[in-house]
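Chemist: Chains E and W supply the protein sequences, listed in that same order. For the first sequence, this note's numbering assigns the number 75 to the initial residue and increments by one for each residue that follows. For the second sequence, this note's numbering assigns the number 75 to the initial residue and increments by one for each residue that follows.
Quick caveat, the hints were computed from the structure, so don't treat them as lab data. A couple of the hints might just be wrong.
Where chains are identical, the list cannot tell them apart; a pair therefore holds if satisfied intra-copy or between any two copies.
With a straight-line Cα cutoff of 27 Å, these simulated DSSO-like cross-link-like pairs (lysine-lysine) come out [what the hints assert, rightly or not]:
no., residue 1, residue 2
1, 274, 256
2, 290, 231
3, 228, 305
4, 274, 96
Remember, it's a predicted structure, so these values are computed and weren't measured experimentally.
Number of protein chains: 2
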Amino acid sequence: MIKVSILGTGNIATHLFKTFSKSDEIEVVQVVGRNKKALLAFGPEEKTTSDFSNLKSSDIYIIALSDDAIQSISEEVKINNGLLVHTSGSTSMSQLSKHGRHGVFYPLQSFSKSKAIDFNNIPICLEANTKEDLNLLKKLASLISKNIYEIDSKQRKSLHLAAVFVNNFTNHLYHIGSEICKENTIPFEILSPLIQETAKKIESLTPYEAQTGPGKRGDFNTISNHLEQLKNPEYKAIYEQLSNSIQLTYGKEL
Amino acid sequence: MIKVSILGTGNIATHLFKTFSKSDEIEVVQVVGRNKKALLAFGPEEKTTSDFSNLKSSDIYIIALSDDAIQSISEEVKINNGLLVHTSGSTSMSQLSKHGRHGVFYPLQSFSKSKAIDFNNIPICLEANTKEDLNLLKKLASLISKNIYEIDSKQRKSLHLAAVFVNNFTNHLYHIGSEICKENTIPFEILSPLIQETAKKIESLTPYEAQTGPGKRGDFNTISNHLEQLKNPEYKAIYEQLSNSIQLTYGKEL
Ligand SMILES: NC(=O)c1ccc[n+]([C@@H]2O[C@H](COP(=O)([O-])OP(=O)(O)OC[C@H]3O[C@@H](n4cnc5c(N)ncnc54)[C@H](OP(=O)(O)O)[C@@H]3O)[C@@H](O)[C@H]2O)c1
Ligand SMILES: NC(=O)c1ccc[n+]([C@@H]2O[C@H](COP(=O)([O-])OP(=O)(O)OC[C@H]3O[C@@H](n4cnc5c(N)ncnc54)[C@H](OP(=O)(O)O)[C@@H]3O)[C@@H](O)[C@H]2O)c1
Chain E
75 MIKVSILGTG NIATHLFKTF SKSDEIEVVQ VVGRNKKALL AFGPEEKTTS
125 DFSNLKSSDI YIIALSDDAI QSISEEVKIN NGLLVHTSGS TSMSQLSKHG
175 RHGVFYPLQS FSKSKAIDFN NIPICLEANT KEDLNLLKKL ASLISKNIYE
225 IDSKQRKSLH LAAVFVNNFT NHLYHIGSEI CKENTIPFEI LSPLIQETAK
275 KIESLTPYEA QTGPGKRGDF NTISNHLEQL KNPEYKAIYE QLSNSIQLTY
325 GKEL
Chain W
75 MIKVSILGTG NIATHLFKTF SKSDEIEVVQ VVGRNKKALL AFGPEEKTTS
125 DFSNLKSSDI YIIALSDDAI QSISEEVKIN NGLLVHTSGS TSMSQLSKHG
175 RHGVFYPLQS FSKSKAIDFN NIPICLEANT KEDLNLLKKL ASLISKNIYE
225 IDSKQRKSLH LAAVFVNNFT NHLYHIGSEI CKENTIPFEI LSPLIQETAK
275 KIESLTPYEA QTGPGKRGDF NTISNHLEQL KNPEYKAIYE QLSNSIQLTY
325 GKEL
């Protein structure tokens with residue numbers, strides 16, 4: 075049985091709490107948060123507290139707080155030689171180094187509170203300052219997911235950057251697609267199968283191999299037609315930038 | 075029974091041929107192509123020809139040729155009052171107007187010859203110059219897909235442009251993500267669940283609602299960290315451009 079305490083009551087705290095609670099081999103000892111109303115969702119009073127300086131004994135303490143609160147709260151808590159980890163993609167492990175045993179437990183997915191999540195497929199990126207604690211984190215992670223990776227702080231920073239491209243920026247391209255549809259009274263749902271297929275393709279091809287379209291073909295006719303159609307100057311600039319980058323990738327200069 | 079002839083032996087011709095052949099209510103009368111070797115894949119000799127000027131009688135003739143061959147081949151063929159359509163997203167219906175009955179049968183998906191396709195979910199965008207022929211195309215399309223849309227030439231042009239954003243450009247963002255992973259010896263597959271989830275989200279939220287990340291939050295700290303990490307000037311420029319556009323969308327200027 076691994077004893078875990080969760081610090082925070084936001085998205086990640088909520089999903090970890092639900093997932094841990096389902097496992098017979100994990101006991102959630104305590105949930106700690108400044109927001110008393112939010113704490114109510116985490117079970118009976120004796121298992122929650124808003125006092126960060128008075129924590130029950132656990133094997134692992136998971137800080138699931140906003141990035142900019144991680145360091146200060148970590149310096150506030152007293153955890154009696156337990157293992158302290160955070161869940162942040164963009165925060166270095168060293169922000170917890172005031173504590174002898176520290177690490178990172180970063181689930182690489184985009185969570186929102188309302189949407190149920192099956193952790194089983196979510197990659198969990200682990201780091202710890204000793205081999206023993208890395209193994210303890212692996213044990214915990216393997217109870218909720220089958221995709222476990224050892225990722226150090228430098229790699230995690232890059233991974234977070236890559237995630238911005240494939241998640242945040244991709245979603246913005248979807249938004250631009252939906253705006254173009256709206257202007258022309260086309261239902262955006264018509265693009266959904268193409269969007270799903272584009273994402274599916276990278277499971278069997280590299281994105282380099284999967285690339286298609288006028289930029290890849292060097293089809294300047296279509297490119298200049300498209301640029302003419304685009305009235306929004308931001309979208310035009312994005313089209314030019316990405317089209318140009320695709321052409322550079324495949325060796326054709328604009 | 076709808077009698078169909080297919081002009082072309084490429085990706086679209088191949089997939090349409092396979093799908094039509096499965097239906098009891100569609101007869102593929104003939105496949106026509108200049109490439110004799112490619113024709114061999116389309117069944118017995120008496121059902122294929124490389125002579126575009128001597129076609130068997132059909133209800134519908136589908137031009138599945140490269141965009142720039144559509145108009146010239148359409149002017150070459152003699153089709154005795156059959157309905158002539160093309161399958162192109164970016165070509166106006168009027169390129170076929172030499173023929174009294176003409177239209178468009180555009181499957182909105184990214185096809186490659188080797189990958190099997192289930193047409194049932196693929197949106198098919200239809201246009202014709204008479205109501206009767208639109209109905210005939212609807213009848214044909216509904217035999218292979220449950221997603222049928224009436225889309226005129228102007229809308230189709232916009233849809234094709236939107237598809238470049240959500241498919242070609244999105245795939246290039248995946249490529250950039252994979253390059254960042256490669257530089258840091260991180261397996262790219264680690265990002266696959268995030269990519270799939272990002273695509274899935276737009277089935278229940280608008281992309282506007284689904285947006286997350288430093289650009290949306292106006293988190294300038296993370297943005298400038300990310301820009302510092304990016305060494306490739308193209309990728310840096312793309313990051314700035316997209317981040318800026320997200321901030322404009324949500325009302326925060328860089
Ligand atoms: N959401 C994701 O998709 C995702 C994915 C992977 C990793 N992460 C990481 O997981 C961590 C938590 O993210 P989240 O999405 O769960 O955030 P969230 O939903 O915004 O929750 C943040 C939590 O931190 C608390 N908090 C903020 N400042 C605090 C302070 N100064 N003192 C005490 N508590 C404070 C908040 O309390 P209040 O309710 O009182 O404000 C809330 O409980 C972050 O490090 C994030 O980078 C997030
Ligand atoms: N691929 C897609 O994802 C997709 C999706 C929706 C719509 N479309 C549209 O469907 C149409 C066909 O695309 P595709 O992907 O099937 O193209 P493709 O695989 O490149 O095949 C093009 C076909 O056109 C023939 N062709 C080219 N120029 C010709 C000419 N001057 N005379 C006679 N035949 C000629 C080619 O013959 P050779 O083999 O002899 O060159 C080949 O059979 C295009 O209008 C395209 O825009 C494609």
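Chemist: Now, for every hint given, state plainly whether the structure supports it.
Modeler: How the hints compare with the structure:
Both within a single protomer and between protomers do residue 274 and residue 256 lie at most 27 Å apart by alpha-carbon distance, with minima of 26 Å and 20 Å respectively. In this assembly of identical chains, residue 290 and residue 231 lie within 27 Å of each other by CA distance solely across copies; the values are 19 Å between and 30 Å within a copy. Only between protomers do residue 228 and residue 305 lie at most 27 Å apart by alpha-carbon distance; the minimum there is 15 Å, versus 41 Å within a single protomer. In this homomeric assembly, residue 274 and residue 96 come within 27 Å of each other (Cα to Cα) only across copies, at 25 Å, whereas the closest approach inside a single copy is 30 Å.
Hint compliance for this structure: every hint is met.
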